[in-house]
Amino acid sequence: MTATEAKVNGNSTIAPLQNVALFTSLVRRVTERPAHLPGMATFHGYSGYGKTFAATYSANKTGARYIEMGESWTKKKLCASVLTELGVQTQARTISDQMDQIIEALAVDGVPLIIDEADYLATKGLINLVREIHDKSGAPILLIGEEGLPAALSKWERVHNRMLDWVPAQPSTLDDARHLARLYCPGVAVDDELLQQIAEAATGRARRICVSLDRVRELAATSGYERVGLSEWGDRQFFRGQPPARRK
Amino acid sequence: MPRKPIDKQGRLRGQEFYWRVMRELGADGADFTLHDVHRKTSASKDSVRGYVLRLERAGYLERSGKRGREVCYRIARDSRFAPRIRRDGSEIGTASRQDHMWRAMKMLGRFSVRDLSVAASTDEVHVASTHAAGYLARLARAGYVRRVGHNPTIYAMLPSANTGPRAPLIQRVKQVFDPNLNKVVWRSGDDE
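So the sequence lines, in the order shown, correspond to chains A and B.
Residue numbers for the first sequence follow my numbering, so the first one is 1 and each next one is one higher.
Residue numbers for the second sequence follow my numbering, so the first one is 1 and each next one is one higher.
No incorrect hints appear here.
Partner residues aside, some chain B positions facing chain A, computed with beta carbon under 7 Å: (1) D78; (2) R103; (3) A104; (4) M107; (5) T122; (6) P152; (7) G164; (8) P165.
Restraint ranges, calculated between C-beta atoms of paired labels, are given here: (9) B:L181 with A:P186: 34 to 44 Å; (10) A:Y46 with B:S160: 25 to 35 Å; (11) A:Q89 with B:R77: 18 to 28 Å; (12) B:V184 with A:E71: 32 to 42 Å; (13) A:D97 with B:K183: 17 to 27 Å; (14) B:R77 with A:Q196: 46 to 56 Å; (15) B:P159 with A:Q89: 12 to 22 Å.
Hints were generated in silico from the structure; no laboratory data involved.
Glycine residues also receive a C-beta, built at the ideal position from the N, C-alpha and C atoms.
Only chain A is shown next, with the shape it has when bound in the complex:
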């Protein structure tokens, strides 16, 4: 049993990352808020900061429901997607009937709802639907979006009043890069000077750090290195963008 327990600790999870801690604490605050306070919040920041990645930890801890908005979404699509994510099988055809079912399910479940790419809520005016879900179900709702999300949402005064907090995601630090190296290059010691350069090339974007670390791991595996520093790395390129395949 001890072997398993040793693995199950903070060091093998993303919990120590700065953005994971920020989001986890935000979810705790909206969930445990006093009854008279609103329960919506934003987690916003530049693309690639690892907002969604950071949100997975708390989502799994709290059993949160999650949807990702799309450019083409209508009210109907939003309702249908939330219902699917809640596991409600329904014959309800009108938006108002579907809203009743969403509200009931969320009120019973008592878990947070995370809406990603929430920028589309503002551009499409769907935000009032979300506000209604929040007001009637009492469920905490977390909106994840780009840097401009708070400004876009503050156009709606009634929405603005529902926000408990607006939390900006932070660029990755060297500490984050060190921890990501533990997760992505297990069994390989990555020198701080190399990590420093990887983090700088990534301009704070966690996603880019992960791609560079994948390359470090590959180099270590193919060359049999247990430690990779600047000399092992040589003049190889750091990952600066142009992902061959975006993680998200």
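Position chain B relative to chain A; hints supplied.
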């Protein structure tokens, strides 16, 4: 009332079905007895009783009085899915590795095996990359994810693959079962 087509019929069984009966009987705080529940099922009274007692121990049901010699129950704590409770009243933690991976997959959209194992692990549930690789390989066969990149292998969740909150299960008989659809979505031998 016309009969619903077979694929629209709720084919809930066991505790899932008893719980649904109780939620219907107990809607808006109404009382019901063990007999009321049993009458609506085809199960033995003992198996219904066993579940009712567990629900009471875990605080989902409370006694609200008597009707003749029978105890009346009321729903004290609601849940949309049947609570899974041990005999002593403690709840069976429902979040498994597969549940964690399923949620993380839907969130990440595109991910390497390592991304998934890292994002799906918490202090309570550790998802090793071998687990992630195994789960993804099966889900790829069942048509939920597709390989979109190599070195490292990148998977993408297909848009139609989000069937609901419950993780598709890799069953020991080598098939993939989706509890959202109540359907076996892949069987060993399907693609051989």
